[in-house]
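2 protein chains.
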Amino acid sequence: MRVDLELSSREPGPRDSDKPRETNPQSTFTHTTFNGQSILAATRNIISKNTLQFQLGLLKSTGRYDCFKLKWHPIYDDHRFWPVPPHLFWDSDLAKWMEAAIYFLSHQYDAELDQAVKHIVDTIRSAQREDGYLNLHYILVEPGKRWTNIRDMHEMYNAGHLIEAAIAHHDHYKTDDFLSVVTKYVHLLHANFGPGPGQRKAYPGHPEIELALLRLYKTTGDVKAYELARFFLAERGNPTGQDGQHYYDWEMVRRGEEEHKRPNSYPMSRDYWYCQAHKPILEQESIEGHAVRATYLLTGVADLVCLHKDGTQPLADAEEWTAALHRLWDNMTTKKMYLTGSIGAMAQWEGFGIDYFLPQAPDEGGCYAETCASIGAMMLAERLLYLELDSRYADVMELCLYNTVMGSMSRAGKAFTYENYLASCSGHLSRREEWFECSCCPPNVSRLFGSLGGYIWHFRTNDEISDDGGHVEEEESAHINVHLYTSAKLEFKTPRGRTVSLEQKTNWPWEGNVMFTLTQPRATSLRTTVRLRIPSWSRGAYVLTPSASPETPAALEKGYLVLSSEYIAANPSFSLAIGGFEPRFIAPHPRTNQRTLTLARGPIVYCVEDVDNGWEEDHFKDLVVDDKALPVAEEEREWGGERYVALRARGWTRNVGGWELGGRAQDEEKGVERDLVFVPYYFRGNRGGKGHMRVGLLRP
Amino acid sequence: MRVDLELSSREPGPRDSDKPRETNPQSTFTHTTFNGQSILAATRNIISKNTLQFQLGLLKSTGRYDCFKLKWHPIYDDHRFWPVPPHLFWDSDLAKWMEAAIYFLSHQYDAELDQAVKHIVDTIRSAQREDGYLNLHYILVEPGKRWTNIRDMHEMYNAGHLIEAAIAHHDHYKTDDFLSVVTKYVHLLHANFGPGPGQRKAYPGHPEIELALLRLYKTTGDVKAYELARFFLAERGNPTGQDGQHYYDWEMVRRGEEEHKRPNSYPMSRDYWYCQAHKPILEQESIEGHAVRATYLLTGVADLVCLHKDGTQPLADAEEWTAALHRLWDNMTTKKMYLTGSIGAMAQWEGFGIDYFLPQAPDEGGCYAETCASIGAMMLAERLLYLELDSRYADVMELCLYNTVMGSMSRAGKAFTYENYLASCSGHLSRREEWFECSCCPPNVSRLFGSLGGYIWHFRTNDEISDDGGHVEEEESAHINVHLYTSAKLEFKTPRGRTVSLEQKTNWPWEGNVMFTLTQPRATSLRTTVRLRIPSWSRGAYVLTPSASPETPAALEKGYLVLSSEYIAANPSFSLAIGGFEPRFIAPHPRTNQRTLTLARGPIVYCVEDVDNGWEEDHFKDLVVDDKALPVAEEEREWGGERYVALRARGWTRNVGGWELGGRAQDEEKGVERDLVFVPYYFRGNRGGKGHMRVGLLRP
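Line by line, the protein sequences give chains A and B.
Quick note on numbering: the first sequence equals residues 1 to 700 in UniProt numbering.
Quick note on numbering: the second sequence equals residues 1 to 700 in UniProt numbering.
Among the hints, a few may not be true.
Remember, identical chains collapse to one label, so a pair may be satisfied in a single copy or spanning two.
In silico lysine-lysine, DSS-like type, Cα no more than 27 angstroms apart, as pairs [claimed, not checked]:
id	residue 1	residue 2
1	Lys-335	Lys-493
2	Lys-690	Lys-335
3	Lys-261	Lys-279
4	Lys-69	Lys-201
5	Lys-628	Lys-670
6	Lys-201	Lys-489
7	Lys-145	Lys-118
8	Lys-335	Lys-670
9	Lys-145	Lys-690
10	Lys-261	Lys-201
11	Lys-335	Lys-118
12	Lys-224	Lys-184
13	Lys-184	Lys-493
14	Lys-670	Lys-69
15	Lys-201	Lys-505
16	Lys-201	Lys-670
17	Lys-493	Lys-145
18	Lys-69	Lys-493
19	Lys-309	Lys-71
20	Lys-69	Lys-118
Please keep in mind that the hints were generated in silico from the structure rather than gathered at the bench.
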């Protein structure tokens, strides 16, 4: 008989038997410290030192900071973007920044950030209505109209981010000042939305609150939060949910809105695939619409299944939900994801195109590739790793992290991309901006890096009770699954109070050698298993030192090298050398019709930029590289105190003149040969230049 | 001093000095007879024997035939497609069918067609309102709302087709029964739309009436028709035309319609590029939006410039209009046209995508390629040839004719395509339909083939008066420009009553040898010049027999071999052997990112179909051909009494398995080698099969 118990070392709050066990990533990131000079640690330092303060300044100068004081701001009169006014996301901008700031505060005190968080929380508390309602727009700008446009007006989305910020606040400050506010709001929502008579059969146009509610449930055990999330997920896309109608149709009629009046993101009237509400989630065959909404939604679904898996809240149709998760994940990662870990080819709905439609740039048919969407993909991957330890999830998580997500911020931490094209064009140069009117991405990057430890690894502890023919023995076990490699240390206590730590040291992502040291009390019955991801791009090339033996076994399971407790006991220090760091050419799926080659090395995807290749005048549209004829050289470089590996190869520009409609097909004529310099895609756009850049170059 | 005079051998109607000279194609098609067994003559026979009667039956069974009796039809209650009800195009369906039927009647009497035309005209006459207004929808279904939605409701489009049918009716029946009806309607429009105070500053959402009005002007000399057309063209896209507003904004507000209520074809609110009204035509840099609207509009523009060119109605800014024509034509043919002569990649707005965006199928990013759009491109090309004799216009005209347009009809003449994909996919098999709810294409094909002679050649006659130092000599000249080759005969009279005929005999498009015989009175002062197009795909390979000499010169000018009057006088029978009939591989522009090869032979573009290549299960997505390694064999075939040339070559299917995101780029692995059979694209979908087809195959 085995009883799985989860470690819970940090939370105050409910401790009774209703308290659910944690799922992730919230369970590990506070247990992680980063050390050394890795690019991840450097990025965290930049955010900690520059970005959060810089973004705080922008929150102040744009009016966001004090918006919950509920004074009129001129921007509230701005009606350019029907139905969504420019201030509609302010609640979430504040909340995401607070959540990020708190994550960093939990590692290092900063008086300015600390004061700002407390100030914002105070204004939010003061703005909450008597009944618990809390939304800037509907309290101040359109009072009396709350819940009249659940589809477009982001009330629930904003609520979700407030909840997540409140959880972070509660965990760090150990008070309920903010948590009680959002709990009251959640109870109001729970009373008004649900399956009961008289309740609205609605679900948010922009999913987010689902995963936030499930985090809240995991923090406080508040079953209303769980019920509300589960209702939102199960009800979504019901064609006859509200009085026999699709909820969004029903509320549209009540708003007095005609069928053919619709936001610009809806290409056709009532195209509810835009917000994944075209049919119930369990019936959805492919991932569709707005990519951030889709990944946030599926993260919520995965959280629901996680709670089933760990026995906290059983789900009768868990298999169906799991099947939907796998189906939509597979569709996304095999048919709708760029080589950089970006998703979403379509600008109009900020989301997915049809299968295999992955042009590199807006002027080549479409490319949107929003930063937040790849963050959403990482969040989803992290939950899927909890449900099923398979390196294919972690491979995608790492791809998103080191390329789209990390590259969305300048190396100085004060400029950001919203869209992450794989190639620039004259209308969209490879540049970053300080801020956006809808500024979801910049604080989301801060937040992601603030909780980065949760993506690096998972841990779990068990009390095992083996009843061997009347002879009862008890022993503890710890399981650590290492998804990403960097220089960092994980430290946690077992239920019996033993401290376990695992430290990894590496020059990843530039080299594949990782040194591990596990520390735990000697001579205890604590048995520790460590699972190490073997990335698929390594093609299974790895060396474990000391090597395993029949007495200290290690085995590969679904892309993870499982080091048995015997191995760990015998080798508390060990190293893993992962191969695949020679430069390689990668390519999009043949069905994309993008017959291109891209240089990659380890998890890093490369691009060409005009800064290094100054002869380019047209976004490298005609540049050809040959994966067979040309050797690729490596070159260590340093910029702004950070080291990176550049690559050099030969290529040539094709001549495209001479084409005529109906004329004879010509061979692609070799034009000028070029020595090419490639830099990591994340590093693009930091050194000036004309803003010409490309990831996928033509195959010969 | 030269005085150009145009031949006008057929029209009754005004003969005073206001009578404008004709432009084309209306000037030549009634002078042309088709003979022999060419594919064009065969297609005309099919339409004459099968299609017109078949379509008449459909007009009757669907309610169109008697709709102008103004009785209620259940379909008028059908509101599925706001704002356009399904019956909105019925006026034009009837008109286009009548126009087509009359063109064929002018060559051969058919009692059923003749009676039907007369019946429809009677009902139309009886339906016209007292003040001249004439539109089924606004007379019967929404009385009192005329001209409230010029943008979407196709009133002017329907009027245009009625005008064109009335011109055909007038020319054939030599009565004003129908012409007087449309003239009265035009006068009503002229009174209500124009630059004067109190007049509406509107222009049709779907252009068509512009070219129809200019045809009417050329037929009757009615200056009001000219003025109205010119107003529509000049006013179009005026941002402040109506009370300081864009007309479509102005009328939308008057309808009580909000900005964000819009038809499904408008991806964003107020996207007036959909109907080429985003800016004035003279300022438009690229061809945009709905492809049929665009080509019809530019045909009207070209007609306007034609009237300037021949001195009938001077146009102060003719150079600007000409520049706009060239700019938009060039954009269309070099960046937005498929290899089959199709245009329009985007289904949502039935029109143009961005430059170089030309996927082959809906499941590969988009392909719409409407039949009517290629007919519009032919109409435009024909006018441009009148303005500037350059074979590049005729090359496109021929490409459209033999591929998209001819292929839109089954060889039995009773099934049609609306969209002409270059590749089938599971949602869009390569099939034809008998009819469509919006059935613009089928009668348009009939109409095009009815007036085909106007596209084959142009002619012009001059009275030349040379005043050589007091010694006045008069002589006549005739000029015949041969754009397309087929077995046909052109016959016309000069102003002095001399009959000239040019006959061509050829097995085109299968062979390039064309025999010409010019017949004209012997020993007169009539000097005749013949210009013969040398297609660009022939790469200038041609042999003229007898050959030219210094005394009987011939010279190549802009892709036309100009046979001097001396040559013609010496060689009334001559032949031209054009090369380029060996199979060739053609390819889309490199910038399309469609790295494919297509077989062509002469003007015929080829495809593969599963009927001949029965192993195919997935629309030939993985089929590769090599233009260098493989010989292409020809094979004469016969089907349904028609001969065609099939092609055979070797190819192979690539293996696409084994791809993984971020994994090493693989060489495209050769799978199974195949003997491939290629048939003309126009011939596709006639022999059953699974409906799998593709034009562009992968390059190795």
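Here is how each hint holds up against the structure:
Within a single copy, Lys-335 and Lys-493 get their C-alpha atoms no closer than 42 angstroms, and across copies no closer than 65 angstroms, so neither meets the 27 angstroms cut-off. Taking CA atoms no more than 27 angstroms apart as the test, Lys-690 paired with Lys-335 passes between copies only; the shortest distance there is 26 angstroms, against 32 angstroms inside one copy. For a Cα distance limit of 27 angstroms, the shortest separation of Lys-261 from Lys-279 qualifies both inside one copy, at 21 angstroms, and across copies, at 24 angstroms. Proximity of Lys-69 to Lys-201 under the C-alpha cut-off of 27 angstroms is found in neither arrangement, the shortest distances being 32 angstroms within a copy and 50 angstroms between copies.
Taking the shortest Cα distances, Lys-628 and Lys-670 sit within 27 angstroms of each other both inside one copy (16 angstroms) and across copies (17 angstroms). When the C-alpha separation of Lys-201 and Lys-489 is checked against a cutoff of 27 angstroms, the pair qualifies neither within a copy, at 46 angstroms, nor between copies, at 73 angstroms. For the homomeric pair Lys-145 and Lys-118, neither the shortest alpha-carbon distance inside one copy (29 angstroms) nor that between copies (61 angstroms) is at most 27 angstroms. For the identical chains of this complex, Lys-335 and Lys-670 are inter-copy neighbours only, at 22 angstroms across copies versus 32 angstroms inside a copy, given an alpha-carbon limit of 27 angstroms.
Within a single copy, Lys-145 and Lys-690 get their C-alpha atoms no closer than 48 angstroms, and across copies no closer than 55 angstroms, so neither meets the 27 angstroms cut-off. Both within a single protomer and between protomers do Lys-261 and Lys-201 lie at most 27 angstroms apart by alpha-carbon distance, with minima of 22 angstroms and 26 angstroms respectively. For a Cα distance limit of 27 angstroms, the shortest separation of Lys-335 from Lys-118 qualifies neither inside one copy, at 45 angstroms, nor across copies, at 58 angstroms. In the homo-oligomer, the alpha carbons of Lys-224 and Lys-184 lie at most 27 angstroms apart inside one protomer (11 angstroms), although the nearest pairing across protomers, at 73 angstroms, exceeds that limit.
Taking the shortest alpha-carbon separations for Lys-184 and Lys-493, neither the intra-copy value of 33 angstroms nor the inter-copy value of 93 angstroms comes in at or below 27 angstroms. In this assembly of identical chains, the alpha carbons of Lys-670 and Lys-69 never lie at most 27 angstroms apart, being 65 angstroms within a copy and 68 angstroms across copies at closest. For the identical chains of this complex, Lys-201 and Lys-505 are neighbours neither inside a copy (51 angstroms) nor across copies (74 angstroms), given an alpha-carbon limit of 27 angstroms. In this homomeric assembly, Lys-201 and Lys-670 never come within 27 angstroms of each other (Cα to Cα): the closest approach is 62 angstroms inside a single copy and 54 angstroms across copies.
Proximity of Lys-493 and Lys-145 under a CA criterion of 27 angstroms is satisfied in neither setting, with 49 angstroms inside one chain copy and 78 angstroms between copies. Neither within a single protomer nor between protomers do Lys-69 and Lys-493 lie at most 27 angstroms apart by alpha-carbon distance, with minima of 42 angstroms and 89 angstroms respectively. For the identical chains of this complex, Lys-309 and Lys-71 are neighbours neither inside a copy (47 angstroms) nor across copies (67 angstroms), given an alpha-carbon limit of 27 angstroms. Proximity of Lys-69 to Lys-118 under the C-alpha cut-off of 27 angstroms is restricted to the intra-copy arrangement: shortest distance 14 angstroms within a copy versus 77 angstroms between copies.
Violated hints for the displayed structure, listed by number in ascending order: 1, 4, 6, 7, 9, 11, 13, 14, 15, 16, 17, 18, 19.
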